[in-house]
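A.B. asks: Protein chains in written order, with my numbering: chain A, 1 to 148; chain B, 1 to 282.
In short, the hints are calculated from the structure, not lab data.
A portion of the hints provided could be inaccurate.
[What the hints assert, rightly or not] Reference listing, derived: stretches of chain A covered by chain B, where coverage requires no fewer than 3 residues with Cβ under 8 Å from a Cβ of chain B:
| # | stretch |
| --- | --- |
| 1 | 57 to 69 |
| 2 | 103 to 109 |
| 3 | 123 to 129 |
[Stated by the list, open to error] Not close to chain B: a few residues of chain A, all C-beta gaps over 12 Å, as computed:
| # | residue |
| --- | --- |
| 4 | Ser34 |
| 5 | Ala37 |
| 6 | Glu44 |
| 7 | Arg47 |
| 8 | Gly81 |
| 9 | Glu92 |
| 10 | Gln94 |
| 11 | Pro97 |
| 12 | Pro115 |
| 13 | Ser118 |
| 14 | Lys119 |
| 15 | Gly136 |
For glycine and all other residues, C-beta sits at the position ideal for the given N, C-alpha and C.
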Amino acid sequence: MKLCQFVIACVVLFSGIVAAAGPQESPKGPESNSVYAELKKAPEKYRSKANPLANDADAVAAGGILFEEHCEECHGKEGMGGKKAPSLRAEEVQSSPPGAIFWILSNGVVRKRMPVWSKLPEPERWQLVSYLKSLGTAAAGSKSQGKP
Amino acid sequence: MALLLLSLPTYSQENPYIVAYDHNLEEPGSLEVEYFSTFGTQRGGSDFHAYWAELEYGATAWWTTELYLDGQTTFGDSTVFTGYRWENRFRPLKNEHLINPVLYLEFENTNGADKILKEVEGHDVESDYAEPNALARQERTREMELKLILSSNYKGWNFTENTIATKNLSNEPWEFGYALGASRPLAMKGAAHRCNFCRQHFVAGVELYGGLGDRYSFGLNNTSHYLGTGLAWNLPTGWTFRLEPTFGLNDKSHQFLLRWGVSREFSGFGSMVSELFKGRRE
Numbered sequence: 001m002k003l004c005q006f007v008i009a010c011v012v013l014f015s016g017i018v019a020a021a022g023p024q025e026s027p028k029g030p031e032s033n034s035v036y037a038e039l040k041k042a043p044e045k046y047r048s049k050a051n052p053l054a055n056d057a058d059a060v061a062a063g064g065i066l067f068e069e070h071c072e073e074c075h076g077k078e079g080m081g082g083k084k085a086p087s088l089r090a091e092e093v094q095s096s097p098p099g100a101i102f103w104i105l106s107n108g109v110v111r112k113r114m115p116v117w118s119k120l121p122e123p124e125r126w127q128l129v130s131y132l133k134s135l136g137t138a139a140a141g142s143k144s145q146g147k148p
Numbered sequence: 001m002a003l004l005l006l007s008l009p010t011y012s013q014e015n016p017y018i019v020a021y022d023h024n025l026e027e028p029g030s031l032e033v034e035y036f037s038t039f040g041t042q043r044g045g046s047d048f049h050a051y052w053a054e055l056e057y058g059a060t061a062w063w064t065t066e067l068y069l070d071g072q073t074t075f076g077d078s079t080v081f082t083g084y085r086w087e088n089r090f091r092p093l094k095n096e097h098l099i100n101p102v103l104y105l106e107f108e109n110t111n112g113a114d115k116i117l118k119e120v121e122g123h124d125v126e127s128d129y130a131e132p133n134a135l136a137r138q139e140r141t142r143e144m145e146l147k148l149i150l151s152s153n154y155k156g157w158n159f160t161e162n163t164i165a166t167k168n169l170s171n172e173p174w175e176f177g178y179a180l181g182a183s184r185p186l187a188m189k190g191a192a193h194r195c196n197f198c199r200q201h202f203v204a205g206v207e208l209y210g211g212l213g214d215r216y217s218f219g220l221n222n223t224s225h226y227l228g229t230g231l232a233w234n235l236p237t238g239w240t241f242r243l244e245p246t247f248g249l250n251d252k253s254h255q256f257l258l259r260w261g262v263s264r265e266f267s268g269f270g271s272m273v274s275e276l277f278k279g280r281r282e
């Protein structure tokens with residue numbers, strides 16, 4: 001293969017990648033414009049999943065440590081929100097089924113800079129869900145309610 | 001360097017692979033600084049110690065870019081800088097699937113003395129590495145390397161398969177290679193207390209990689225293959241240590257490679273840089 005053919009092939013490949021991974025179309029309507037709209041996209045199969053660690057006494061404490069290690073940098077201390085990512089103490093998150101939060105953790109929202117956390121084993125993701133649910137709702141900027 | 005000091009070290013959950021890639025990309029805005037080292041035995045020549053420094057940056061949640069600087073010391077010969085590589089990984093699908101593709105595109109500008117064995121492709125065999133550095137470094141290699149990474153996270157395990165296609169830009173044939181990996185943390189649940197030695201911080205794995213010939217002679221004939229068993233230790237302070245003893249699987253392969261690496265992840269690096277260029281700090 002000649003060099004120019006190779007370069008053209010690379011350019012086409014790269015353009016395809018960028019097009020495929022480019023920004024999503026803006027969702028319609030006030031509901032879907034919310035930063036929390038992704039939670040509503042969780043499939044029913046996940047929404048109906050119960051947290052298998054709901055009765056695990058250590059899950060909240062372990063989830064709190066995982067949160068500090070992986071999430072706090074963007075979502076702020078105790079999930080109060082930061083410059084890069086929204087509050088996890090909002091009603092939209094706290095009233096979501098545990099399975100929907102688990103689904104977001106597993107899939108990320110890669111077009112909006114939320115990484116995929118499937119590299120954490122499932123039990124660790126459920127520990128994170130336990131912790132997030134233990135925080136309860138709070139207006140951004142107010143003191144936290146839950147702590148591991 | 002000052003930006004690195006201002007950035008926050010953050011915990012990273014890394015797999016123990018040295019050669020294989022999985023589909024987990026760098027977190028957006030995070031910078032990982034890495035050093036990797038390979039000690040290799042050499043029949044018909046002197047043993048060597050090859051090493052590379054790596055800067056890995058999460059440009060977005062679907063794009064990670066990396067710069068490598070390579071060098072090596074051949075015992076009884078000399079120490080030489082052997083070139084650089086620029087690598088990009090793209091995640092085309094937005095959701096997690098049973099098998100997750102990642103597209104990999106790399107430009108390499110190295111010389112013939114390069115021995116880091118970051119991947120094995122074509123008819124790379126042990127005897128290629130026996131040449132003295134003074135002669136080997138005269139050969140320039142400019143290559144484009146493409147990989148299709150197919151990776152799955154399933155019940156705590158990671159399974160990955162990398163298909164490699166490399167094109168030397170000086171009109172040489174396409175060369176092919178492969179890398180397979182499997183890994184698993186030693187514990188599935190996080191501990192309820194802070195610890196450095198808890199089992200969930202250790203990830204054990206195995207990887208198999210080798211060449212598959214080129215466009216004109218595809219197959220296993222005159223190719224080298226390796227099997228490595230590795231362990232990664234991910235410290236909550238942001239440091240990761242990897243160790244992987246690797247064994248050659250045929251007489252075309254180096255008999256033994258000892259590979260290890262140390263890395264540290266800094267979150268918020270991208271924000272620090274952008275604030276620097278805006279001329280203000282919040």
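A.B. asks: Does each hint hold? Answer for all of them.
C.D. replies: Hint check:
As drawn, the stretch 57 to 69 of chain A meets chain B at 7 residues by the rule of a beta-carbon pair under 8 Å; at three or more, the given contact holds. Counting residues of the stretch 103 to 109 of chain A whose C-beta lies closer than 8 Å to any C-beta of chain B gives 4; at least three are required, and the coverage claim holds. Evaluation of the coverage hint for the stretch 123 to 129 of chain A: fulfilled, as 3 residues show C-beta separations to chain B shorter than 8 Å, against a requirement of three. Chain B leaves Ser34 of chain A outside its interface by the beta-carbon criterion, the shortest separation being 18 Å against a cut-off of 12 Å.
With a least beta-carbon separation of about 14 Å from chain B, Ala37 of chain A lies farther than 12 Å from that chain, consistent with its non-interface assignment. For Glu44 of chain A, the condition that its CB be more than 12 Å from all CB atoms of chain B holds, with the nearest at approximately 15 Å. With a least CB separation of 15 Å from chain B, Arg47 of chain A remains clear of the 12 Å interface cut-off, as annotated. At roughly 15 Å, the least C-beta separation between Gly81 of chain A and chain B is larger than 12 Å, which holds for a residue marked as non-interface.
At the 12 Å boundary, the C-beta of Glu92 of chain A stays outside the reach of chain B, the nearest C-beta of that chain being 20 Å off. With 12 Å as the threshold on Cβ separation, the claim that Gln94 of chain A sits away from chain B holds: the shortest Cβ distance comes to roughly 22 Å. With a least CB separation of 18 Å from chain B, Pro97 of chain A remains clear of the 12 Å interface cut-off, as annotated. At roughly 5 Å, the least C-beta separation between Pro115 of chain A and chain B is not larger than 12 Å, which violates its mark as non-interface.
Look at Ser118 of chain A: its CB is around 4 Å from the nearest CB on chain B, not clear of 12 Å, so calling it non-interface is violated. Not every Cβ of chain B is farther than 12 Å from the Cβ of Lys119 of chain A; the closest lies at roughly 4 Å, contradicting the non-interface assignment. Listed as outside the interface, Gly136 of chain A is consistent with that label: its C-beta sits roughly 20 Å from the nearest C-beta of chain B, beyond the 12 Å cut-off.
Figure legend: structure checked against the earlier numbered hints; hints not met, in rising order: 12, 13, 14.
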